[in-house]
Amino acid sequence: MIELSREKLLLLYRQMLSIRLFEDRVYQLFLLGMVPSTLHQYQGQEAVAVGVCAVLNRDDFITSTHRPHGHAIAKGVPMKRIAAELFGKVTGCCRAKGGSMHIGDYSVGMLPAIAIVGSGIPIANGVALAFKLRKTKQVVVSFFGDGATNNGSFHEALNMGAIYNLPVIYVCENNFYGASTHISKVMKLENIADRASAYGIPGVVVDGMDVLEVYRVASEAVNRAREGEGPTLIECKTYRYSGHSRSDPANYRPKEEVEFWKSRDPIFQFKKKLLELDVLSEKEDNRIRSEVEKEIEEAINFAIESPLPSPEIALEDVYA
Amino acid sequence: MIELSREKLLLLYRQMLSIRLFEDRVYQLFLLGMVPSTLHQYQGQEAVAVGVCAVLNRDDFITSTHRPHGHAIAKGVPMKRIAAELFGKVTGCCRAKGGSMHIGDYSVGMLPAIAIVGSGIPIANGVALAFKLRKTKQVVVSFFGDGATNNGSFHEALNMGAIYNLPVIYVCENNFYGASTHISKVMKLENIADRASAYGIPGVVVDGMDVLEVYRVASEAVNRAREGEGPTLIECKTYRYSGHSRSDPANYRPKEEVEFWKSRDPIFQFKKKLLELDVLSEKEDNRIRSEVEKEIEEAINFAIESPLPSPEIALEDVYA
Amino acid sequence: MRRLTIAEAIREALREEMRKDPNVILIGEDIGIPGGWGGPFTVTQGLAEEFGHERVIDTPISETGIVGMAIGAAIMGLRPVAEVQYCDFLFCAMDQIANQAAKLRYMSGGQIKIPLVLRAPTGATGRGAQHAQSLEGLFINISGLKIVAPSTPYDAKGLLKSSIRDDNPVLFFEHKLLYGSKGARKERGGVELLGEVPEEEYTIPLGVADIKREGKDITIVAKLLMLHRTLEAAEELERDGISVEVIDPRTLVPLDKETIINSVKKTNRILIVDECPKTGGWAAEISAIIVEEAMDYLDAPIKRLCTSDVPIPFSPVLEGYVIPTKDRIIQAVREMLG
Amino acid sequence: MRRLTIAEAIREALREEMRKDPNVILIGEDIGIPGGWGGPFTVTQGLAEEFGHERVIDTPISETGIVGMAIGAAIMGLRPVAEVQYCDFLFCAMDQIANQAAKLRYMSGGQIKIPLVLRAPTGATGRGAQHAQSLEGLFINISGLKIVAPSTPYDAKGLLKSSIRDDNPVLFFEHKLLYGSKGARKERGGVELLGEVPEEEYTIPLGVADIKREGKDITIVAKLLMLHRTLEAAEELERDGISVEVIDPRTLVPLDKETIINSVKKTNRILIVDECPKTGGWAAEISAIIVEEAMDYLDAPIKRLCTSDVPIPFSPVLEGYVIPTKDRIIQAVREMLG
Ligand SMILES: Cc1ncc(C[n+]2csc(CCOP(=O)(O)OP(=O)(O)O)c2C)c(N)n1
Ligand SMILES: Cc1ncc(C[n+]2csc(CCOP(=O)(O)OP(=O)(O)O)c2C)c(N)n1
Ligand SMILES: [Mg+2]
Ligand SMILES: [Mg+2]
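Chains as they are written, first to last, in the working numbering: chain U, 1 to 320; chain D, 1 to 320; chain E, 1 to 338; chain X, 1 to 338.
Check each hint, because a few of them may be wrong.
Under 10 Å between C-beta atoms, here's a sample of chain E residues computed to sit facing chain D [claimed, not checked]:
1) 16
2) 25
3) 59
4) 60
5) 99
6) 102
7) 106
8) 113
9) 190
10) 194
Just so you know, the hints here were simulated from the structure itself, not pulled from any lab data. Predicted model, so just to flag it, every value in this text is computed and none were measured. Glycine residues also receive a C-beta, built at the ideal position from the N, C-alpha and C atoms.
Required output: the full structure, derived from the provided sequences and hints.
See below:
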């Protein structure tokens, strides 16, 4: 196991919990009809966003997808700005213009999330190119799903990242489904990481339910990128607990499969480990939980109490 | 060496010669200003088109690229229809609407060539899909260059060909350049065939200057496809003697490199072998050459003497 | 008569054509997965069960690969009905659609045909800029495509059957808010649209507009969701004694100019209501045609009431502000009638 | 004054901006290869030698990857000038252009800027349907992009410099037949275009049209190659006593409506000559604007003289038939003047 300070370990734990409880709470409110549109939620995949983003500095960047809430929380987008954006309020991180699928906050290093599958990956290359030309030692992480790796954008981007030796880490969250479609129907490979060899870059498979493993593998990749050694493709095997989006009952998944993955819950597993290591006690856990819950309630209240945008601002922000 | 009849061997030879001499002749006429537009020529790569197409039946199909003359001749498009198309005459295989980059003849199994790099590959899948659903045992070959393999179309198409197990053979003509750009600048791999593993299909490298080797490898792939065993990626290492297009002096290529490849000329090598095998004599060679030259002159004369299209037909053929 | 949603009507059209012609196949994402959705808006539910996975083909998220494969299959004589989940993703396959499907027949000098239908859900539904565009107007500038945009269950069924039988590439736009509120994918703001659809077989030819409401004071041309808002507006205007003629073009290419022009000759005023962005949008083409062919009949300038020239914003109050509403249609009519 | 081709003028604009601002970089295929072309039409020749391969970046044939990379770099404050070899290939990157570049700033609520220029050679040059489209008109329907289409060396240089300094995504269309006949890539049918370009630095703001010729009987709006054909036609018409005012919009988005409208108010007649296909093309937008804002000034219906609604055919006699020519412009003017 890698060496992490007690504080860092607890931070990872708290962040995973924040994501889980935030998503659960938002879903309740969605069912109450308080959240417009649809939601693509992140429960189950917390170890990926948290394990990866914990390696990054504030001035490193990420690109995200239609499923960005977890990435946003892990990268440090203020929760109340996320909540307000979901509620379509003017105080949202994107002024209510982005919405659930386009959460982003430039000031903490998160581009507006991109909901066209695969399309964020070439853009991440450009961010990395800027870092490289300016020799800043910053890196960029591009998050995407298993489904994205069958898209042409993935191919063009990984090849270009490889040939220009860009400081970018490609993080594939393999949750085994693209919408309702199981990966085995749309790809003949066992491991997506094997596709890295088509570009001459390293590919690594990691247990995406184990936040420390994710952290370890991400650290190595980030170090390589910072040292000018180029990109890495990391495949995190993980699972989304919910349906694809909030209208999806996910009947296409066998119950046992869902049960299997839930038995490997990243937060539960990590808590167990922290208890074993004496980093955490049940009491401490309760304290953290209630702190997180409080933060979430504050964020939600902020969102609920925030004003709607005045309609005319719809015409602003088209051009700089 | 594979077993081929004397007739077949001589046919391969004659076809390669036809392509070479046709291209040379067309170039002369181009310099005289008789051929409109530009030309992307095939000299040097003859063993690929001929070796592959010799395995195909008339009702098998091919897709081609901006550099289609060789494929067309090898697949059996009548030379005079090709020539007339290049000259913009109404007797051309595409009624003067396609031109040099879009040569095609459905009746012999060649779709109109597609000049957007990579874009023919997904279309070849569709042709294969039709064969598969109808259980006809036909196959389709998709020709493309090294440059195309960095394009998203290549990736999406090879993955889909693989998962549907389509009767398609992907033939990459690696002539080491995409336009002026050497492959080493745009890809970190030594062998493009290695990309096959990203899709779970076989990838084979073959000497594209050796028509019998190409024939052998293509035979295996075509057999697999016909038997329902799915696609193969074949990489033929080859070289184009001319510039990318006819306005290109190709100053970006080292002289020694050009010399090296010309010393491995596919027609010269094959002739030597046929002489050694006593399949061919110098006398026979002369006879074949003059037959081919005669055919070419007839084709060119047909093109020259054919009428231009009447302008109004420009408005026809948009819709069926 | 039986009343169906558009989703049901389209499903029925697919089923009937698939039963009739073994060459008809479906290609798309999440369209045939057991326990799955039947496509993003339930349209293909049950079809994989009836026709099998050879003819209802689930794909990776590879729009270029999907459309390319559909083109190749169509050239060989199959009649693929391919789909993208939101029309915004047509741009992911734009080369295949605009450079290949639209041009290959012409490039071949008429040797080949491409009997391909590409279904694409259009319109804004509160999901933000990348799931919201109305692109049917943009594609009319690509010569070689036919463009269909039905607004009622009856039209959708009849036009889809004709599209499938047509020997050319047809882009078939369906508005997400018109699918109807039955089923899993009901959309906030959706129109409660049930329409009469006869049991007997029928088709509607491409290129024939439909006068959805007769009137004499002003002509409004509108399609898809905007047609329904226009009909509501017309209803309300009628109470004030303003008689609106409402024309639904139903197919954008080929366009039934005659019906539109004749209406303008009668009413002498025309308003075009459109969810496509105004600049360079579909409404501009209609306007330009009228001016070329019937300017002398106009008693007032042609007006375009379109979506503002902005990406579609997320928040419902913002989205509502940029897309034409019933009230704004009424206001525009009043202004035009002075 | 010094006379340059458009290719030279553009190269000079790139060089000057690259010298001035280290954030300006070039991204494209075959643009900086030693012994190579300097891009498909020689424009970037010599720039890799001066600025190095860190700033003149040769790419694979990956248009999506190119435009995506340019977008990301632009968001981080570089000022990439990316290019496609023919504008037809914009469709290979359509998602990045239309769904990403045009929308990301808006989606972010104004947090980010995308100072990106995408150069794209447009127009037909006898190469067949996939290397021939005029797409500048289509892109005006994508909100969030600026569209520039210069017709002279002077305009090209001044507008490109402004485009590079602009904080928004700009599509910069260059007509292949206007590059000039010097250099390796001369094109059959090209216009022998040398124009005065001062040595001193200057820029031309986006959104300002230029009256290329004053006249009083009729206004013609035209851009790129069609501008030159129109000027020739105007010359010839003058000999018959017909005075034509010729307006070059120079930028399509933002559009200088005022100059066009004022001209129409003066001449009372307007013809739009355009190489984009007629249906849903750029000319329709101009027509619709005039009708909305100046219909009462019109003495004759607005006429659009555009490329026919067909893919571009290969044979020169066919290509020539579908694209407006000087003679057809003259004929259209005569008809409009009755
Ligand atoms: C290009 C494109 N095609 C289709 C969609 C519709 N869609 C949204 S998410 C999704 C599945 C994505 O799967 P994956 O990449 O594995 O991410 P996950 O949802 O599992 O996080 C699909 C098909 C889209 N947004 N973009
Ligand atoms: C999508 C696309 N981008 C760029 C071009 C311009 N172009 C035509 S051929 C070519 C090089 C192709 O290289 P390769 O695939 O290796 O084929 P080769 O010319 O060597 O036969 C380029 C860049 C194109 N036709 N299509
Ligand atoms: Mg997934
Ligand atoms: Mg090559």
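Results for each hint:
The beta carbon of residue 16 of chain E comes no nearer than 20 Å to any beta carbon in chain D, farther than 10 Å, and the hint placing it at the interface is violated. Because the closest C-beta pair between residue 25 of chain E and chain D is about 7 Å apart, less than 10 Å, the hint holds. With a cut of 10 Å, the hint placing residue 59 of chain E at the interface with chain D holds, because the nearest CB-to-CB distance is about 7 Å. A hinted interface residue such as residue 60 of chain E counts as satisfied when its beta carbon comes closer than 10 Å to some beta carbon of chain D; here the least separation is about 6 Å, so the hint holds.
Among the interface hints, the one on residue 99 of chain E holds; its C-beta lies about 5 Å from the nearest C-beta in chain D, closer than the 10 Å criterion. Because the beta carbon of residue 102 of chain E sits about 9 Å from the nearest beta carbon in chain D, less than 10 Å, this interface hint is met. The criterion of a C-beta within 10 Å of any C-beta in chain D is met by residue 106 of chain E, whose closest approach is roughly 5 Å, and the hint holds. Residue-level restraint check for residue 113 of chain E holds (minimum Cβ-Cβ distance to chain D is 4 Å; threshold 10 Å).
Among the interface hints, the one on residue 190 of chain E is violated; its C-beta lies about 33 Å from the nearest C-beta in chain D, farther than the 10 Å criterion. Violation of the interface hint for residue 194 of chain E is found here, the shortest Cβ-Cβ separation to chain D being roughly 34 Å, above the 10 Å cut-off.
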